[in-house]
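K.L.:
The residues making up each chain are set out below.
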Amino acid sequence: MSTANTSASSDGKSHVHHHAHHFDSAEHEYNAAKFGTWTFLVTEILMFGGLFVGYILYHERFPEMFKAGATFLDWKMGALNTIVLLFSSLTMALSIYYMQHDNKKMTLINLYVTLACACIFMVVKYFEYTHKLHLGIGPGNYFQPHGHGEEVQRALGFLKDYPNIGMYFSFYFCMTGLHGSHVLIGMGLIIWLIRRTHRNEFSSKYYTAIECVGLFWHLVDLIWIYLFPLLYLVG
Amino acid sequence: MSMATGSKFMPPQATEIAKSVDSLYEFLLIVSFISCVLVIGGLIYFAIVHRRKHEGEKTPYIAHNTTLEFLWSFIPFVIFMVVFVWGWVVYHQLRHMPENGLEIGVQGQKWDWTFIYKSGRKTAGEIYVPVNQDVKLLMTSADVIHSFYIPAFRTKQDVVPGRYSALWFNANREGTFQVFCTEYCGDKHSAMAAKIHVVSREKYEDWVQTDAYKGLSSVEIGAKVYGQRCIACHSLTPTPEGANPIAPSYYGLFGKQEKLDDGSTVLVDENYVRESILNPNAKIVAGYKKGIMPTFAGQLSEEEVMGLIDYLKTVK
Amino acid sequence: MASGAHDPNLNYLNWEKGLWSWLTTLDHKRIGIMYMISVMCFFALGGTFAMLIRWELFSVGKTIMDAKQYNQAMTFHGAIMVFMVIIPGIPAFLGNFIMPMQIGAKDVAFPRLNLASWYCLMAGAAVAFISLIYNGADTGWTFYTPYSITTQNGTIWLVTGAFIIGFSSILTGLNFIVTVHKLRAPGMSFWRMPLFVWALYSTAILQVLATPVLAITLALLVAERLLGVGIFDPKLGGDPVLFQHFFWFYSHPAVYIMILPAMGVVSELIATFSQKTIFGYKAIALSSIGIAAVSFFVWGHHMFVSGQSEFAGILFSFITMLVGVPTAIKTFNWVATMYKGSIRFDSPMLYAMGFIFLFTIGGVTGIMLAVVGVDVHFHDTYFVVAHFHYVMVGGTLMAIMGGIYYWMPKMFGRMVNETWARISFVLVFVGFNVTFFPQFILGAMGMPRRYYDYLPEYESLNRISSMGAWTIGVGFLVALGVILHAIKRGKIAGPNPWNAKTLEWTAPSPPPHENFHVQPVVTAGPYEYR
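Chains as they are written, first to last, in the numbering used here: chain A, 47 to 281; chain B, 4 to 319; chain C, 319 to 848.
It cannot be assumed that every hint is accurate.
Mimicking DSS-like on lysine-lysine, the simulated pairs with C-alpha atoms at most 27 angstroms apart in a straight line are [claimed, not checked]:
id, chain 1, residue 1, chain 2, residue 2
1, B, Lys198, C, Lys600
2, C, Lys335, B, Lys191
3, C, Lys553, B, Lys125
4, B, Lys286, C, Lys380
5, B, Lys227, B, Lys139
Selected chain B positions facing chain C (Cβ under 8 angstroms, derived; list incomplete) [as the list claims (entries may be wrong)]:
id, residue
6, His67
7, Tyr229
8, Leu256
What the hints contain is simulated information worked out from the structure, not anything from laboratory work. The structure presented is a predicted model; accordingly, all values stated were derived computationally and were not measured. Glycine residues also receive a C-beta, built at the ideal position from the N, C-alpha and C atoms.
Go ahead and model the full structure; you've got the sequences and the hints to work with.
P.N.:
Now the structure itself:
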């Protein structure tokens, strides 16, 4: 969301951020960037909102089916991811705090921790996804359990009772997938922040990008806080 | 807007409701015509009278006029409310299903209409109904959304796969009227037409009697399906006190308020019965186990499901 | 930035040179011109489909194409015109160019985002056209399920294209909201903003709030096709009508995304060409916001016969009536502005008056359609087709044309040829009424929309309609000639040829890179003709 980064000094040390030509001052630019980010978060909420509305409507219509579907999710994995994301929100906030105090080292440490948390989150998700897809527990038409083991038997049993149980996993994969893609985008943005911090582009005078990515990251976290109970704890 | 004699451009009126729709439409046309004359007339009048005579003319500074602005907000509002309420009344007539109408099943599929009578007779592309009789069409689709539109009756209703929708009319004159599909449904959308033949009651009875269809009535089809598929679990007699049957009895079931296991109640109507047959675990009646009844989706034809529903209505 | 700010020969068009400097530009004016070129190309394409459609409908039975081709032409005409012409038409093109200047800013708040949204439009359009290779798409621009789930594969590309274009719309909206809030010149309070800015601001709110819902709906539709997620598929327990709710929750506000900016343009034109302060400034400004707010709660009026409950039908009918009030207020205020004005009939004013004429007819027929008992008959007939063309073409396109002619001196520093501009107006205006007025009658007679073929009794009116359509086509070709001629050879215009009062006219024509040589300071309202 940073609109202008025209810093061009070549000494490699502390860069001075020049605000873009159409703003009066750095503060003016900072306010605009923050306002834009908030507006952007509103659009994100509305986008997820469509999925939440769909979830609520169909949960109302097929509560038992949703309950049955949720038995395939491991709440421990979900809880672990919740804790990891919550913690990463804290470190994200701290990285802003330290940059406000010109503490580059602590900012970097916190950004790296945030990035690590995001990686843990994605690794856990990866294991959850591959396990399910391996058993044939996929979204919609791809709910075709095969192989052996208790979970497959249970899935086959549920399929008899709830022929449209694939829909639960449609919601599961669509919602966590959209959320996961946001985590990935967030990771890219954090890497970008780390690079820029290394290049001394931020200071207590200019940390707009960290602030805006931070806002985005908190939203990603917030959405997960809703997804976790809706998907994992519904049973 | 110069067509205040609107009905000239409307299709024939073949129901009483068509007349009330047309009166409302004519009222709307007149009001619209007057509004257009006022706005467009004002526009043209001011444009001519106040055209620029020479450059640099002074114009008066008129920023607003509260009275005027109030009037031209309030008067349209009142008109809108009048036509809204009037439209509501007409809509209520269109949507309020008659109690004891003649029911005919309608199935839309790409790209024709099938009509299923209680006698078991099926027709495609044309439907016979008696004049001066409430007729209720219970409609569903086999594939995509269609819409059943009879211009002469001023009514239409979308026909949605996976559920029933209903439409009613009472034709007040004999004749043949056009049916269109008005929800875009693919290549032959514009060819998905049918004819409604409104005939005298005698002719209708004749037509129904001389049924070329060799099969059974809808209820009889339902009874047969019951004997084959349902009898093992569902009885036809009232459940005795203290008994603990595996599934609810059909006795007096249709039209009853059933209590469900989650504490809510549901009215046993066509859609509920249909859902219970095709997706039996969606709603479980209090006191019964879930997961006992298998789904019959794909196993029973539309005709058989409709037959069962009709049969259910007779068990009391 | 090295703009060589005060060299009078340098302006935004020539201060950097070469195609690459355009494709990487961050200047809102250049981005606006890029939108102008792309929107005009899309319009030519969508218009060609319209001509083909009207040719096919010239007579009963097959005229030039079969049903499959017709349905694709109908789908692409709708999708191109809605997503690539009318929605970006005023905000992204005229708005981008004019709005920052009208509030005295040097640029929009996020110039890179602004460029990105143009690339989104291009990318989305490219993806949408890929569908032509894969068998095309034949769903209509509304993509109703379950038809769109089952029909040919090209649909997925068109849907994905619309999805990407949605982000273009979101980013533009976001940019405009922040720009209006943060970049107004000193003294430019909200109540001193030109009405075009008010209209764009209301539009931007709609774009930001409604478009994400379209995005997720289209994403789910793609998922439905690829994975069979079952949310909209009745075979899998889903509800196809839910798609309509989601779709219209976006697409009804989208109707106002299309018309509100047009109302803004007309407010500017009427005031300038009457040389008179606008009547009821606050009422017009607030009615834009009012329309935007109410428009979120009227989507159900597209679904009166979809099987929604009687109560829902009545409620949506009622709320739709409420939209009529602020719309009526605007119309009356425009006419009242002309009272005792000093009116000149330059081509922009002709278009503005054409707008009021056609929009009034579109508006009153909109009220007829909102009357739920009557709509049951009219729903999905040519009456609806005629109504929304009166609003979208008669409204929005008229305003775009008026806006182009009006701001041409500002954008390129040159005037249009008045004679030919008026000829193009007459052709478009007359052709438009000949095309679409008969369609009201066809709809009343019961002819359903999206019909490849029709009953013989509808033929004569369809013929009139087709001939009108070709007249419109000729009119727009003339207009294209007028625009191109003006850009190349038009008479040189001064900074303010119309004696308009809004800020953009205080800048040189064409404006320099940073719009104003001296930061403007605002001390009065936008239409101070005293």
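K.L.:
Could you work out which of the previously given hints the structure breaks and list their numbers from low to high?
P.N.:
As far as the earlier hints go, 1, 2, 4, 7, 8 are violated by this structure, in ascending order.
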